[in-house]
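Undergrad: As a plain string of letters, each chain reads:
Number of protein chains: 2
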Amino acid sequence: MKKIYAEILAIGDELLYGQTLDTNSHWISGELDKAGIKVIRRTTVGDIEQEILTAFAEAETRADIILITGGLGPTSDDLTKPCLCKYFNCGLEINQEALTEITEFFKSRGRELTELNRQQAALPTACEKITNTLGTAPGMWFNKRDKVFMSMPGVPHEMKKMMTDSVIPKLLEKFKTPIIQHQIIKTVGIGESFLADKISSWEKALPGHLKLAYLPSLGEVKLRLTGMGSSQEEIKHEIAEWIEKLKPLAGEYIYGYGEESLESVIGNLLREQKLTIAVAESCTGGYLSHLITSVPGSSDYFLGSMIPYAYEIKMRQLGVKPETLEKYGAVSEPTIIEMANIVRAKFNTNIGVATSGIAGPGGATPEKPVGTVWIAYSDKHQTVTRKLQLSKDRMINIRMASMAVLNLIRLSLPSKS
Amino acid sequence: MKKIYAEILAIGDELLYGQTLDTNSHWISGELDKAGIKVIRRTTVGDIEQEILTAFAEAETRADIILITGGLGPTSDDLTKPCLCKYFNCGLEINQEALTEITEFFKSRGRELTELNRQQAALPTACEKITNTLGTAPGMWFNKRDKVFMSMPGVPHEMKKMMTDSVIPKLLEKFKTPIIQHQIIKTVGIGESFLADKISSWEKALPGHLKLAYLPSLGEVKLRLTGMGSSQEEIKHEIAEWIEKLKPLAGEYIYGYGEESLESVIGNLLREQKLTIAVAESCTGGYLSHLITSVPGSSDYFLGSMIPYAYEIKMRQLGVKPETLEKYGAVSEPTIIEMANIVRAKFNTNIGVATSGIAGPGGATPEKPVGTVWIAYSDKHQTVTRKLQLSKDRMINIRMASMAVLNLIRLSLPSKS
Chain V
3 MKKIYAEILA IGDELLYGQT LDTNSHWISG ELDKAGIKVI RRTTVGDIEQ
53 EILTAFAEAE TRADIILITG GLGPTSDDLT KPCLCKYFNC GLEINQEALT
103 EITEFFKSRG RELTELNRQQ AALPTACEKI TNTLGTAPGM WFNKRDKVFM
153 SMPGVPHEMK KMMTDSVIPK LLEKFKTPII QHQIIKTVGI GESFLADKIS
203 SWEKALPGHL KLAYLPSLGE VKLRLTGMGS SQEEIKHEIA EWIEKLKPLA
253 GEYIYGYGEE SLESVIGNLL REQKLTIAVA ESCTGGYLSH LITSVPGSSD
303 YFLGSMIPYA YEIKMRQLGV KPETLEKYGA VSEPTIIEMA NIVRAKFNTN
353 IGVATSGIAG PGGATPEKPV GTVWIAYSDK HQTVTRKLQL SKDRMINIRM
403 ASMAVLNLIR LSLPSKS
Chain C
3 MKKIYAEILA IGDELLYGQT LDTNSHWISG ELDKAGIKVI RRTTVGDIEQ
53 EILTAFAEAE TRADIILITG GLGPTSDDLT KPCLCKYFNC GLEINQEALT
103 EITEFFKSRG RELTELNRQQ AALPTACEKI TNTLGTAPGM WFNKRDKVFM
153 SMPGVPHEMK KMMTDSVIPK LLEKFKTPII QHQIIKTVGI GESFLADKIS
203 SWEKALPGHL KLAYLPSLGE VKLRLTGMGS SQEEIKHEIA EWIEKLKPLA
253 GEYIYGYGEE SLESVIGNLL REQKLTIAVA ESCTGGYLSH LITSVPGSSD
303 YFLGSMIPYA YEIKMRQLGV KPETLEKYGA VSEPTIIEMA NIVRAKFNTN
353 IGVATSGIAG PGGATPEKPV GTVWIAYSDK HQTVTRKLQL SKDRMINIRM
403 ASMAVLNLIR LSLPSKS
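Note that the protein sequences, when read in sequence, are chains V and C.
Just so we're aligned, residue 3 is where the first sequence starts under the working numbering, counting upward by one.
Just so we're aligned, residue 3 is where the second sequence starts under the working numbering, counting upward by one.
If you're looking for bench data, these hints aren't it; they were derived computationally from the structure.
Honestly, I wouldn't trust all of these hints.
Below, a list of computed lysine to any residue pairs in the SDA-like style, where the Cα atoms sit at most 20 Å apart [unchecked claim]:
#	chain 1	residue 1	chain 2	residue 2
1	V	394	C	296
2	V	224	V	250
3	C	394	V	296
4	V	394	C	19
5	V	5	C	49
6	V	276	V	352
7	V	162	C	19
8	V	5	C	51
9	C	40	V	321
10	C	176	C	66
11	V	36	C	16
12	C	348	V	321
13	C	394	V	224
14	V	40	C	15
15	V	224	C	40
What follows is a set of in silico ranges between Cβ atoms, one per label pair, in the way DEER data are often shown [unchecked claim]:
#	chain 1	residue 1	chain 2	residue 2	range
16	C	324	V	274	29 to 39 Å
17	V	274	C	325	30 to 40 Å
18	C	324	V	198	54 to 64 Å
19	C	149	V	59	38 to 48 Å
20	C	313	V	209	53 to 63 Å
21	C	198	V	147	45 to 55 Å
22	C	166	V	184	37 to 47 Å
23	C	331	V	275	28 to 38 Å
24	V	386	C	193	40 to 50 Å
25	C	184	V	395	48 to 58 Å
26	V	220	C	417	33 to 43 Å
27	V	130	C	233	55 to 65 Å
Think of the CB as a built atom: it goes at the ideal place given N, C-alpha and C, for glycine as much as any other residue.
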């Protein structure tokens, strides 16, 4: 099968000045990769006519598909449309369908259509209009022999919706790329190299048309399994079969699939089992509670937290015994056990979790260096603790310790029965 | 003065596949802009020899300075060095100084130098070695007539240190760009357009060699004042004078300068005045405490928090009066006043702050739509409240409400006396 090449072109002075981080090109790269289209180059140019025209011409020599973002605003420094007219040797005309859509867009928001906005419906006559359902700058699709130029707005959510709903399907139809399916498998509690070791026999046994990618980030490792073939159903089925084979090797580390986050997975487990949870967090300073409450509807199971940052607050407000703190210190197993049990009892929840550690850079002792963290999980049947030895970096330690607690909840929850 | 143009070239398949977000090119863009060098284009290519060589040649036609990142790892898929050798028509030789530095680097970490790592000291003979103080891949500086090619590692912190310590100073020396000074002025509590209105007379009065940029982000607006001239001292002095003239117009919104964050500024104010603080946060769910404790050394002034997410916890654990909750609801001024006062009394701190609101998407009523948030500040002299009407987005509301509380602390702290 012939390889299909794409080039991504981002237009805008604000990108070259370092004012705006170009996340569009990155996102488009990932989407094209998933669609079986190879990105050969990415280019960023400013709002300068000659630069834009040169970039068009250069891209056409290299790629089958040229995807353009930005430079479509209604003001005069936005040059993409005039440049497209020049490049495709055509004029600019009001597109009646686009005008209707833009008028509707403003009406639905109770705003009046200005002349400046009306001009957004003026499109190069050589293009096919692609509807922008979230904004006022339409997309423009140009066929040039067997190649495609596609111009999209630079506003990320408008561009993403247009890509997903219209551009990717049209590209797949035109270029007959192989049918591709992806599944993201999310793991936590194991580093990339250890995971690779554990699943190496499985990875080696994968057939040639199934590809595996490791996507590590702070506190978790994602696996992406990509299948190519001639039937969507067949690939889906095959991927599902290989995931079943993966489970005996790495099942305990797999917490979810696709877009699921660890905090949403735990939220669903708690909601399903009608369990409630409370948090006593010291070194994580609120970040663990923030992760839990970042999930919409988390008030169904999360009742509240104590953040006993100071020694006195651990004693007087939370109620850790002074003897425990004096004998073992705040960063110790006996203290963390009390913290988890007390917050569960006080807040009258099914589950209590706790963190206490040295986030750094200060506060370390020879026995308890920066990155030493104790975490605990408590329910009516059991109290489980873990000692972590993390990094020297305060923000990394806060993030990793919080993720470790979420994972401890996942592993310790009473199994559904 | 002649304009100096730069092109930024990022090399790596992982960028084109959408696996790694290229933050390097963005950061370099900003640094060059600050140095008075105009970025004319940014290009990303994969690990393919012909692509890299073409990109070198194209960049040379457009720019005076070509800055290259990535492709310097020790493995065989990293092609930048062989490509540079071809382009500059020279061989690869062990650079003795680089070898000493790499050996030292490994020794200081108690690791042995492998043959693969030893090869990182092999450099094109046409280049000048630039020391990498944080890693093992040296930078390479090539002069080609009046142009410069500079190759740097792709690891962000290694590249940034090399740029700041060596590359920018060398470029400024070679290209005699105008002397440029920047000052970032950080504001909070006012939107971009309102701020622009307030300071328009000041902005119009700025002399031509002082340029103003608005850099808005979630919850704050940064102003960047850039001065150009012939003497560093003179520009610095002039910028300071114009900032003094800005203060009568926008002083109450200015919380800091340069790299200061709102949470670190408040931390310093609290520490200087030997004040302590406690938090009762409901709708912000831990994020406010997380911001405060993200500052190293925050245990000097932050004693702890309660997160009374559930109604019962607000009553039983924090101690808000049932009558108040019943009569006014959890999202109300009487409740928020009690929350701030109680947490201050319970935790025995000088200051108490509180949040309660509808973060969304659920929980709204006709009178209290999503985005309604009450915040309060309490010390022994006063209790100050604010009602916010934020957005429909849960994460934006959590962030904006937390920033608003930090700003309320800043504005309400007893003045130093």
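Undergrad: Now look at each hint and say whether the structure bears it out.
TA: Verification of the supplied hints:
A threshold of 20 Å between alpha carbons decides the hint, and for residue 394 of chain V with residue 296 of chain C the separation of about 14 Å falls inside it, so the pair holds. Restraint check: the Cα-Cα separation between residue 224 of chain V and residue 250 of chain V comes to about 17 Å, which is no more than 20 Å; the hinted pair holds. For the hint linking residue 394 of chain C to residue 296 of chain V, the alpha-carbon distance of about 14 Å falls within 20 Å, and the restraint holds. At most 20 Å may separate the alpha-carbon atoms for a hinted pair to count; residue 394 of chain V and residue 19 of chain C exceed this at roughly 31 Å.
Restraint check for residue 5 of chain V and residue 49 of chain C: the C-alpha separation of about 17 Å stays at or below 20 Å, so the hint holds. Between residue 276 of chain V and residue 352 of chain V the CA atoms are separated by roughly 9 Å; this keeps the pair inside 20 Å, and the hint holds. A hinted pair counts as satisfied when its Cα atoms are at most 20 Å apart, and residue 162 of chain V with residue 19 of chain C qualifies at roughly 17 Å. A threshold of 20 Å between alpha carbons decides the hint, and for residue 5 of chain V with residue 51 of chain C the separation of about 19 Å falls inside it, so the pair holds.
For the given pair, residue 40 of chain C sits about 60 Å from residue 321 of chain V by alpha-carbon distance, which is inconsistent with the 20 Å threshold. Among the hinted pairs, residue 176 of chain C with residue 66 of chain C is consistent with the structure: their alpha-carbon atoms are about 11 Å apart, no more than 20 Å. Restraint check for residue 36 of chain V and residue 16 of chain C: satisfied, since their Cα atoms lie roughly 14 Å apart, inside the 20 Å limit. With a CA separation close to 13 Å, the supplied pair residue 348 of chain C and residue 321 of chain V stays within the 20 Å bound.
Proposed proximity of residue 394 of chain C and residue 224 of chain V is contradicted: the alpha carbons are some 30 Å apart, above 20 Å. This hinted pair checks out: residue 40 of chain V and residue 15 of chain C have alpha carbons roughly 10 Å apart, not beyond 20 Å. Between residue 224 of chain V and residue 40 of chain C, the direct Cα distance comes to roughly 39 Å. Violation of the 20 Å bound is thereby established for this hinted pair. In this structure, residue 324 of chain C and residue 274 of chain V meet the distance hint of 29 to 39 Å, their C-beta atoms being roughly 31 Å apart.
The hinted range of 30 to 40 Å is satisfied by residue 274 of chain V and residue 325 of chain C, whose Cβ atoms lie roughly 36 Å apart. A hinted range of 54 to 64 Å holds for the C-beta pair residue 324 of chain C and residue 198 of chain V, which are about 56 Å apart. Roughly 24 Å separates the CB atoms of residue 149 of chain C and residue 59 of chain V, a value that falls outside the hinted 38 to 48 Å. Look at residue 313 of chain C against residue 209 of chain V: about 55 Å separates their beta carbons, and that is inside 53 to 63 Å.
Against the hinted window of 45 to 55 Å, the Cβ-Cβ separation of residue 198 of chain C and residue 147 of chain V comes to about 48 Å, which satisfies the hint. A hinted range of 37 to 47 Å holds for the C-beta pair residue 166 of chain C and residue 184 of chain V, which are about 39 Å apart. Remark: the range hint 28 to 38 Å for residue 331 of chain C to residue 275 of chain V is upheld by a beta-carbon distance near 30 Å. One distance hint, 40 to 50 Å for the beta-carbon pair residue 386 of chain V and residue 193 of chain C, holds here, with the actual separation near 48 Å.
Remark: the range hint 48 to 58 Å for residue 184 of chain C to residue 395 of chain V is contradicted by a beta-carbon distance near 27 Å. The given range of 33 to 43 Å is respected by residue 220 of chain V and residue 417 of chain C, whose C-beta atoms sit roughly 41 Å from each other. The given range of 55 to 65 Å is respected by residue 130 of chain V and residue 233 of chain C, whose C-beta atoms sit roughly 57 Å from each other.
Going through the hint list in order, the structure does not satisfy hints 4, 9, 13, 15, 19 and 25.
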